[in-house]
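Peer 1: Going line by line, the protein sequences match chains A and B.
According to full-length UniProt numbering, the first sequence is numbered sequentially starting from 1.
According to full-length UniProt numbering, the second sequence is numbered sequentially starting from 1.
You may find that some hints are simply not true.
[To be verified] To spell it out: a stretch of chain A is covered by chain B in this simulated footprint if at least three of its residues, at any positions, have a beta carbon under 8 Å from a beta carbon of chain B; those stretches are:
id: 1; stretch: 274-283
id: 2; stretch: 317-330
id: 3; stretch: 335-342
Simulated from the structure, these hints should not be mistaken for laboratory data.
The beta carbon of each residue, even a glycine, is placed where N, CA and C say it ideally should be.
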Amino acid sequence: MIHPLASPPVPGQVAPGAHSLGTIAQLDIDDVDQIVGALAWFGGQIYFAGIYIDRDVQDFRRIVRFDPQTRGWQTVHTSLAINTKRRSGPANMLDTFFPDNPTEEQSKDKLTDALGVNLAGEQALGTGRNVYCCLFEEQGRLVASLSSPLGGEVVISAAGESWQTTFELVPAKGHTFHQPVPFGGGVVALATGLSQNAPPLLRGEAMDAAGWEEVPVPGFKEQGNELACRAAVFADSLYIGTRNLERGFQLWRLGAIAAQPGDFEQVIASGAYLFSDNQQVAAMVHFGGCLYIVGGKTHSALRAHQVSGFELFRINADRSWDLIVGKPRFSPMGLKVPFSAMGPGFDDPAAVLQCLVVHEGYLCAGFASRGSFKLFVSPDGEQWSEKPVGHFVGELVAALSTPQGLVLLLNPRPQDQPPAKKGDPLPSIALEAWRFTL
Amino acid sequence: MTPPRSFSSVVCALLGRHPDLYGFPELNLFKTDTIEELNFARIQRRWPTAMDGLARTLAEIHEGTQNELSVHRARVWINEHMHLGCKEVFNYVLDYVAPKIGVDKSPTTILKVENMERAFHMFPKARFLHLTRHPVTSAKSIAEFLSVIIQTREQVGQMQARVGWSVDPAFLSDEEEDLKGNKPVKVSPLKLWLSAHTKIMNFMERLPLGQGMRIRGEDLLSDLDIYLPQLAEWLGVRTDQEAIDEMKSPEESPYARTGPINAPFGNDPKFLANPKLRSSKVPIPPLKGTFEWAVDTDTAREIQELAQQMGY
């Protein structure tokens, strides 16, 4: 159930220029472990796609749209994925429904028919961080790519009202993916890594392609890369940033989709020479004719797209790179000193990156610092200053630049808050939406 | 800033050969507050070489030579200035080498966090270079070094005995059971590597941005033309080719050879025996599967994580 009511801003907490866009409340989900989502601007309206992860058995996927007339959020799409292996309670959900103990595949088929939902396999345990949500406009359509350990799906809508599921996979049977990027006459997407021996990249003819094929990246796994985490097209090439826990992230450039082994090039290696302090690329955006990327340290308490102690780099068209925010270091390319004169996490090594977006000619970095959300902005990528947004606690779920302002969606529940114990009152789930002008 | 046997002597000599810098031998002036305390530690810890580097430095700056007589006079100077603070003595030698900037690499600095903090308080604008070496090759060399220490203690004791010196037992604490210094040293080289680098990392994290930097010794020694100019740039000294070329002759350092009998050391014995640069690249062996057997599981995990932070 969605609450259409806007919550009034708390006096003294919100900076001038901030406007509430209400809350997105969720009353029908117990025991939410995390919420991962994305915002999109489509047809002059704001959309939010979110995956609400229940700790035990299911993921709720919901797409909502902001109605400026009622100042509320309307549901335009829902789906559900159920895990057949509970993390607590009965060992196997199928045993609960089918005590006569048929084969697991038979049970899944029966439950799928009975509930009309997608059933996943046994991947939930230990993979709860691998939740990805993308929402974007492509060829006049709104596309959502939703993926969790319980399965992946791509849904497309022509007008934001009715949605068509164009791709659906469970990790046990195939590869799930996220962050589709148009490239080379088709679409390239990043594998979530939930299936065994997943290649880093998948390719489809279009977003609504029925089949996706693997794109081999020679040497990718051999060099310790677990996944490709972020992708962007820049200077006619596809750039992919990796997660590499032991050696540090790598940034690869792919010149063409029908690439020969020599067409893959490492633009940055060894976590930009901070090694395992820079394990993962967490964000990539175009700004000022360059590609800006964020790398940092990953941790089991963080979301799949978050890093702490993060550093900001600028990739130039000639494939050279500059350190913008981070630790000075020696490198094979010469001494790297942060152009902003700021250390990791904008001088807060414990800061967790939550967004990197371009808005009104500014590059904006949002991060959690000691429990509060902070926003730093830069007109040129080098000179950074803090933009006061008021005192927001909790976790940023999504950020989006719109013609009406920078929209931030926050979950006021602290990210490191332990889940409620059985029998305790359930915490309320109400995401707060705010619009800011810089 | 590095544990023993991590290329510190050669790197200090490389830096010290820069026209704007002066590389000292091991002065050990960050270990204590006063010279008297340093001398006490020398005696109490059966550490006869503790002031070799300082004596050689004083001989060199006072008389331009290091022989038995000049070193003897340097030691007399030290005895007459026992009341001075280590900072005063450091400033004294720095004044002699000015306008060059001093470079110190005493391994005792990193044994305790308080020593590193003392260095920072003495010289708040100093730059700190964290030099690393692969844990396995480092541990092998440390094991070798520990056995050399024991031999050295014996040899120096014998040499000192020949010139009539002896340790006054009154200076030895009850803890010092073995007056001859040949008691087996129960130190795990890998744990020493872990402990030292952990302390250094903790100290470096508290430094202002850019005041401390880390470099893999293997990288530096394998690609001098890439890394020496960067070091010079970071230190704010000349980066022209002439200055960089000058740095590549560590054997030209006045402290790159064994000193006279009354101050033979002040640098790593292996470096003193062969101070020339190797022409070959310094290999970096794999990390996993090469050391775990030598330590407990938790220590192995800590070593692996720290080594990976350093790029091994």
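Peer 1: Now tell me if each hint is right for this structure.
Peer 2: Against the structure, the hints:
no. : hint    : in the structure
1   : 274-283 : holds (count 3)
2   : 317-330 : holds (count 4)
3   : 335-342 : holds (count 5)
In this structure, every one of the numbered hints holds.
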